[in-house]
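Asker: Here are the chains, one letter per residue:
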Amino acid sequence: MTAPAAPLPLADEAGAAKPPRRSYLRKHPSVAIGGFLLLAMIFIAVFAPLLFTVDPTAISTARRTRVPSELYWFGTDMLGRDIYSRVVYGARVSLIVGFSVAILASVAGLAVGLFSGFVRWADGIVMRVIDGMMSIPPILLAIALMALTRGSVGNVIIAITIAEIPRVARLVRSVVLSLREQPYVEAAISNGARVPRIIIKHILPNTIAPMTVQATYICASAMIIEAILSFIGAGVPPATPSWGNIMAEGRALWQVRPHIVFFPALFLSITVLAVNLLGDGLRDSLDPRLAKSI
Amino acid sequence: MLAFIIRRIISTIPVMAFVALFVFSLLYIAPGDPAAVIAGDQASPADVERIRASLGLDRPYLVRFGEWFFRVLQGDLGTSIFTSLPVTQLIAQRIEPTLSLMVLTLIFAVVIAVPMGVVAAWKAGTWVDRAVVGFAVFGFSVPVFVIGYLLAYIFALKLDWLPVQGYTPIAQGIWPWFKNLVLPSITLGTVYIALIARITRATMLEVLQQDYIRTARSKGLAQNSVLYLHALKNAAVPVITIIGIGVALLIGGAVVTESVFAIPGLGRLTLDAILRRDYPVIQGVVLIFSFVYVLVNLAVDLIYTLVDPRIRY
Chain A
1 MTAPAAPLPL ADEAGAAKPP RRSYLRKHPS VAIGGFLLLA MIFIAVFAPL LFTVDPTAIS
61 TARRTRVPSE LYWFGTDMLG RDIYSRVVYG ARVSLIVGFS VAILASVAGL AVGLFSGFVR
121 WADGIVMRVI DGMMSIPPIL LAIALMALTR GSVGNVIIAI TIAEIPRVAR LVRSVVLSLR
181 EQPYVEAAIS NGARVPRIII KHILPNTIAP MTVQATYICA SAMIIEAILS FIGAGVPPAT
241 PSWGNIMAEG RALWQVRPHI VFFPALFLSI TVLAVNLLGD GLRDSLDPRL AKSI
Chain B
1 MLAFIIRRII STIPVMAFVA LFVFSLLYIA PGDPAAVIAG DQASPADVER IRASLGLDRP
61 YLVRFGEWFF RVLQGDLGTS IFTSLPVTQL IAQRIEPTLS LMVLTLIFAV VIAVPMGVVA
121 AWKAGTWVDR AVVGFAVFGF SVPVFVIGYL LAYIFALKLD WLPVQGYTPI AQGIWPWFKN
181 LVLPSITLGT VYIALIARIT RATMLEVLQQ DYIRTARSKG LAQNSVLYLH ALKNAAVPVI
241 TIIGIGVALL IGGAVVTESV FAIPGLGRLT LDAILRRDYP VIQGVVLIFS FVYVLVNLAV
301 DLIYTLVDPR IRY
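Protein sequence lines, in the order shown, are assigned to chains A and B. So the first sequence is residues 1 to 294, counted in our numbering. So the second sequence is residues 1 to 313, counted in our numbering.
Simulated from the structure, these hints should not be mistaken for lab results. Here the structure is a predicted model, which means the values were calculated and not measured. Even for Gly, the Cβ is constructed at its ideal location relative to N, Cα and C. Fair warning: there could be bad hints in the mix.
Footprint (simulated), chain B over chain A, 3 or more residues, beta carbon under 8 Å [what the hints assert, rightly or not]: (1) 89-96; (2) 125-131; (3) 142-149; (4) 247-255; (5) 266-274.
One chain only, chain B, in its complex shape:
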């Protein structure tokens, strides 16, 4: 068990190394010569060369990758071309809204989607089931910004129940923070809910046909205890897997959701960085998001062994 955990943690190292190499290459092949930019228009080619040498830009690719990687390990992601601020500082300023949005969405989605899938499987073939399946197809097909505008139009503009846009830091109170995040979370969560509900339903359908479920029923256990204690526990592994994989959808969707609801988070930072071609920032954001994604899926793998003792390594 401990050996497995250690092995699993070690196995993320080559993955992270590849991501780092990819992200570094992004800056390496990015158009534009930083040395020429710093030297300015008046500089002679010799000046540019000197600056290039002083920045270490004339050294081979792998040497530069090694140095860059070493700095990243120390928490230095470079300096933004546009604002001249350290990338880590920019990310630190913007991480709270994005993290709030993603965590809230995750909670919303799991609380809504898992019971949805369970009920659909239990009532397989009825209108409830068809409604859930229909919702899943709908959730996959309607792009995240369409849902965002639709919800904002109905609940903020027409009904005036919730704020249209913006973000309030959690330090200024839980309620204003929550009120601003309700619509963005539902927006971001729709496709995620569709995904989790669909997999939960499929796995539960399979589990409900097993002998031990029939046994549990025949010994007179209450329906809910059969569904949630016996069946869902056995269906947990695929459901947890998809919750982990689905975090990729959350990360991609967050960029768009933040733009629709004017939330000043990492997505906004990415967007501005793209428009200004601020490569160190783009690099930093991709690296951070990928790192989070790898960690989430590492956690998922470790949770398996807790929920399902049948899994032995």
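If we strip away everything but chain A, and leave its shape as in the complex, we get:
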């Protein structure tokens, strides 16, 4: 999210005495818990059709706004759609958006950050653009971009990715700039090593740890922004079962039928919590210097 860029672990620290793999999960329980919850969500998303669901878009006016019961586990919404099925299928949208944005924003941010860090004459311009983009709050930027296009999962992914790229680019650039000063990188440059070789041998290995941590936070933030976009009617199309959409449909009735909002909210919170726990755990284990301080 908006946490400041992590300081770098020094190269030699990363390689020091790795603990045996089996004790890793015990030593970092938040990785274990977060990973388990996230795997459970992925399982739900992948096997949604097999989890006793019905068609999540099937409308039936005869069974509108039912409370949870044996037949409709999470009740039904205003159009008589089964909320349990919609929530289970909603996991797909959330996870697809979260993972896609994390990967796309990381790759694009890496490219921009490397470019800005190595091509000195372009650095000033690129950084001004990034400063400008970062001065528009991410949710607002995503809303503004979504206002230009039709609501679809692809467009939501693109809009959130654009809003998240500056953060990764900043991080990568700061890594590049601090590594350029390192004696071993200076030595490599004076030995006549080409830029691609320096990037692959020296820069990338040092960016992987902070970028992985950053990617998990971006994933969590993307899932929240997707839900917010859908909730306010600027996200995926209303018929698509997404947690934000289900909550948007429950908004008018929440005082009498709170369950419509409650179940998607619960699933969204658990998923974001899982990703955040995973991110915290990874930060602690990948970046021992930072783990001591935060």
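We have chain A already, so just place chain B on it with the hints.
Answerer: Then chain B, alone, in the frame of chain A:
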């Protein structure tokens, strides 16, 4: 010092220029042809062309940007497509609730979060510390509208302590105004509190290990005076930075919070504008919010030099 302040203020100009260019491009590439809309269904292509020329829509991109920017500098943000009212007027009508909500949240959050972080760092490793860290993770993970509905359900619907929804202007009395804003402020503030508490704790942990803290303790100063006068003052820069950066969370969250609690503010205006594709309004709101955000962070940078004389430029 003065040179730094002037330099820092000048450095916001390219940033604001980029934001303006971006916001202008938004309208430029927005689907739909204003000339065709104004001309109506019966108009011939020639009529549409004439209207386009009279509106100046046929001129090049940069010329139009220049004219638009000049008008913005004069406080003219254009006219809403839907209501035909000036965008500045619409924004002026809606700014009080949003500003009230954000300022109250800011005060709530700083008053709660900073002591939380300080105590957590002081009692590092104890259950107090773990509770604060746990709250921080929770605050980051539970989306703002979930907290909103939860609080409204418990404190307004079930306990009936506070109003469920709505807003009372401050002109009708401080107390009704405050009562309506308590739940929205706590809702909006949760993620912000989590962020500030977390950074305060981390910075304080570092500062508390310094030699001068040991000295202050060994000369017998009271615990609170060590914590709040010596330690917190030295931890102030990162904490103030994150308070400034976190305003982005407040702005984004305000749109959602206003929708949950039916507050007729800028967030509500944005929402209606999106649903109606009223681009001049969307443009105006994004511009205003970004401008506020840039100003807040400019203020933060200037405050540094006041709280930390070690920072020299």
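Asker: Compare the structure with each hint and give your call.
Answerer: To see whether the hints hold, each was checked on the structure:
no.: 1; hint: 89-96; in the structure: violated (count 0)
no.: 2; hint: 125-131; in the structure: holds (count 3)
no.: 3; hint: 142-149; in the structure: holds (count 5)
no.: 4; hint: 247-255; in the structure: holds (count 4)
no.: 5; hint: 266-274; in the structure: holds (count 4)
Taken one by one, the earlier hints fail for this structure only at number 1.
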